[in-house]
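Novice: Need the complex rebuilt from these two chains, each delivered in its own frame; the hints are there to steer you.
Given next are the chains, with one letter for each unit.
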Amino acid sequence: MRLVEALISALLVAGLYATMSYGLALIYGVMKIINLANAGVMMLAAFTTFFLWQSFGLDPLVSVLVVAPLFFVVGALIEVVFVRRVLNEKPVVSLLLLFGILLVMQAGASLFLGGDVRSVRPVYVQEVIRLGDVVIAYNRLLVFVAGVIILIGLELFLRRTFLGRAIRALAQDRDACRLAGIDVRRVSMIAFGLGTALAGAAGALLTAVFPFDPVTPYGTLQLKSFTIIVLGGLESIPGIAVAAFVLAVAENLTVTISKPQLENLVSFVLLVVVLVVMPGGLAAIIRRRRIA
Amino acid sequence: MTALLARFPKRALLIGQIGLVFAVAIAIALIPVIDERSFNLQRITFFLLWYAILASSWNMIGGYAGQISFGHAAFLGMGAYVTGILWSQLKWDPLLTLPAAGLVAALYAVLVGAPTLRLRGPYFAIATIGVGEATRLFFVNFDDIFGVTLTKGVTGISLPTYDPVTVHYATVVVFVLVMLTTMWIRAGRFGLGLFAINMDRDAAETAGVPTARLQVFALAASAFFAATAGSLYAARQQFLDPASMFGFDKSIALVLMPVVGGLGTVWGPVFGAVLYSSVQDRISSIVNNPYLPALIYGVLLVVIVMFEPLGIAGLLGRGTKYARALLMPKDGDE
Chain A
1 MRLVEALISA LLVAGLYATM SYGLALIYGV MKIINLANAG VMMLAAFTTF
51 FLWQSFGLDP LVSVLVVAPL FFVVGALIEV VFVRRVLNEK PVVSLLLLFG
101 ILLVMQAGAS LFLGGDVRSV RPVYVQEVIR LGDVVIAYNR LLVFVAGVII
151 LIGLELFLRR TFLGRAIRAL AQDRDACRLA GIDVRRVSMI AFGLGTALAG
201 AAGALLTAVF PFDPVTPYGT LQLKSFTIIV LGGLESIPGI AVAAFVLAVA
251 ENLTVTISKP QLENLVSFVL LVVVLVVMPG GLAAIIRRRR IA
Chain B
1 MTALLARFPK RALLIGQIGL VFAVAIAIAL IPVIDERSFN LQRITFFLLW
51 YAILASSWNM IGGYAGQISF GHAAFLGMGA YVTGILWSQL KWDPLLTLPA
101 AGLVAALYAV LVGAPTLRLR GPYFAIATIG VGEATRLFFV NFDDIFGVTL
151 TKGVTGISLP TYDPVTVHYA TVVVFVLVML TTMWIRAGRF GLGLFAINMD
201 RDAAETAGVP TARLQVFALA ASAFFAATAG SLYAARQQFL DPASMFGFDK
251 SIALVLMPVV GGLGTVWGPV FGAVLYSSVQ DRISSIVNNP YLPALIYGVL
301 LVVIVMFEPL GIAGLLGRGT KYARALLMPK DGDE
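Protein sequence lines, in the order shown, are assigned to chains A and B.
First residue of the first sequence: 1, per this note's numbering; consecutive thereafter.
First residue of the second sequence: 1, per this note's numbering; consecutive thereafter.
Don't take every hint at face value.
[To be verified] Only part of the chain B face toward chain A is listed, based on derived beta-carbon distances under 10 angstroms: (1) LEU86; (2) LEU256; (3) LEU263.
[Claimed, not checked] Computed list of lysine-lysine pairs in DSSO-like fashion (alpha-carbon distance at most 30 angstroms, straight line): (4) A:LYS259 x B:LYS152; (5) A:LYS90 x B:LYS321; (6) B:LYS91 x B:LYS152; (7) B:LYS321 x B:LYS10; (8) A:LYS90 x B:LYS10.
Hints in this document: simulated from the structure, not taken from any laboratory.
Ideal Cβ positions, reconstructed from N, Cα and C, are used throughout, including at glycine.
Next comes chain B alone, as it looks inside the complex (with noise of 0.2 angstroms):
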């Protein structure tokens, strides 16, 4: 695919990608002005943006700069339970919230990634896996911890009615900005600066790449991006608790997507989300039982990693280079 894209000049590439980006919200955005009434096709479109949003956001540091973060459920439930709070509490809008549940979970993730990512070896995703569960287990036992109310432990909060369609429409506005800001970081010496890093950190060392920062701020976008999912969440759900958004199967979810969709792509996770949500949405009325898609999930993962460690834009890359090459066989090889 990389050969083929080679052709055209960076910039039309780009702005292609871009044009690509708003066609897809603007479709998705019509859906409620065409018909009113289409609230199951909304709901799928909301989780679709939902998890693309998600996938997007745990490529930016486990796909571009490969450190991989098992426990992403913690920023996601952390800017859920954000935006909870200041809404229920407070009496914000859950729309304004969005920037407050990012921030905090941005800095949440520096806090957490200044010392681990700073160091060689796997310490990073070891920790993660501490992290999701002990935000989990910080959350189960907020109001034990502060003598308060507020999190109600594992029966979890109902929050106010809120109107489902501005949801709609702000979802779709975060999937435009986590897509802009992940082209962006591909694009530019950022996203550069994590692929060196990914591929020798040496090296990229001794050229004067700032390994330590870049990859802090890699985490900090992205847990950016994934509080705001959550926020998102509480504002369509109106319910938040523990085992939805902290849930071992939302850290899953987060490493299948962009690992099935493309590793270190801009589109992968795009594709694992579609992937993934059209097969969350149909799984319970096939089989009742939640175990079998785990199964096929894991050996998905393991497919993948083994065989075509780009996933789907992998796959799709490959294709194009067959066609061009069963068409224009003296192209065909390079």
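Excised from the complex, chain A in its bound form (with noise of 0.2 angstroms):
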């Protein structure tokens, strides 16, 4: 029965990891850069979404309606103003903007906001579903359904329309978008931003369930995310969604069998290990299946 019930807390984790990982996958697949800022744009909107409870008593559920086309608005200006003139130069420099970007959000949130640790707190906080001897958290079952709402809304974008269907080309072929008259650099500055707006969504969800400062757990999130977008293929969608699955799984066991102090290192060894075994990551083992 702990199995299932570690199993079914390992999905719901999944669906957030999935969540907040998804946007980095998609600005890569677009722009080939790493966004080292993804952890510092979950965590100002985190810091809005407690902000806008604190003062309307906005659930957090609800308002990742408000802080994701805000957290769009947001990256697709830092596209505009930051990476979009470094994107012909060497990965380095885009990698040491982001960094930088990143640096100015965590000090700036913690100059300017406070380092204190907050938490939101629904009503529905501290309740429980059981099913027969499983339990599970309501609050975690309810960023589970949001993130997987979200993921299959950008699945649909990405597949059904013809901006989404632009942005899967970029991620392709550059060059041959180009010759085929997509707008490059504003279906670039969408991706971005819409790889924003999903960090935002990821870290509005957060707040429902972890409490945070500027810093933590921000930077154990970034490395979990690079560990499930490296597991996943760094630009597959069902890639991501399988490996998230994997990290949760992986980390509940090893909290339940060794040392929940543990936890952390457990996405370093599986990021270690894809590396040495996998580097295509799954979506190189789907597809190598598929072929055959």
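Specialist: Structure representation (structure tokens):
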């Protein structure tokens, strides 16, 4: 029974993990840069959610509807003002640039908003659902459902709309897109905004589950999302969903079997193992199967 | 700057640079000789050289090869802990542990670098974020994992006392070694290979550069020197804890100094270290808020990356060009 409970709780966490990682993967796919500022965006979104809850009593799940569009604009601005200018430089440059932006976000939040630990506690935060012997935290279930809805919505957008297809095309071949008459700069801006909006949505959802301050838990979450996108194969949606689940299960088992302090070592060990054993990630394996 | 320097024969230039290194080293080495009681100046110059060693070591992989390490504090802390354990447990002289600390960290670097540097893409940078965090966790939980009392978790270990003046001299020696190494890399085939990788990995590979191997070498050398800096810190402060060695602020400083000073240049990291250590030294007396400097560092990083990728070294180069253009207008435009 404990195993079932562990698997269910891993699945619920995986929904959140997938949401926060997908923004990274989307931006990497389209622009081939690693958005180190992802963690900073999640943190700022969490603060926005916190203030919305404090001032207007807005539920974190509802505030996603406000926070995501807001951070779409933030992301688009970051792309236009900073990222666009260094896109043709060596990869080092964009990494350092986004690292600098992350520092500014973290230090700025600590300086102006204070380093205290905050938490959003909606009325249902203590409630649980019992299915026989299995106990599920209500807030985690809600957050999982919200995450899944967001990812399905995104998938439909990427597959069914012209703009979504343009974004996917850009991820495949930038030059060919230019030849086909796609406005590469505009679509890049939208993709970066979309990735940032996803990070924002994940940040808002996180507040319903974890307490936060300007730095924690975003550093470890950042590492987790990197592990997930590397494991998932950097650009594949199903790969990322599976990878998020694999990581959540591995963490859950470590905590149950061994020591809770080692939870964060799991993502790192998994990262290194993946890099050594299957650099292409799960997506490469899935692809190989399909061809064979 | 390069155009100006190109006028001098390469060897004369190299000798001049080596002379400069020794001049700085001798000046700083003489401080305790001239005034035994100049404790404050000794502390300031120790940290100046210490940061310069760290920044130059980071530059070997981050600047020359263009592989950014966000977790370099892992190597620094590992060196510090190797020294701490060999010194307090096995009673080695702390300065004799320097090579051992360096070798352990270099070996660790090879383990990290071999799988990640072989791949194209941002895998190394991603992995280093994990390496930094995992190494910190490993040393925090070291006693728990192995059932011993060695690192004492987050409380840290107190070490025996040691003569700070001896550490001062040792730091000068390591500084000279790191500068000679980085000049040697910059001037020779090794550095040429690394620069080629940084510019275009495919082209470098086609030209027969063993890209993966060179990068792993560069990382190992970088980790070696970062670890010796950790050892020097342990010998000087006689106290070690995970927060001061593996802290994310250390990893940030390591990225910041070479970038601000001048990525991939010999003297840039030293400029960055001078700036950073003097700011760090004054900061607590001016503002008692640690976030303000962090905010400024972040802004500085963004501005430099966007406008002057060669940092202070680039600005100086511009300066001489401008000065030259001012004095000899015809010579200025090339």
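Novice: Would you pick out the hints that fail for this structure and give their numbers low to high?
Specialist: Result: hint 1 breaks, nothing else.
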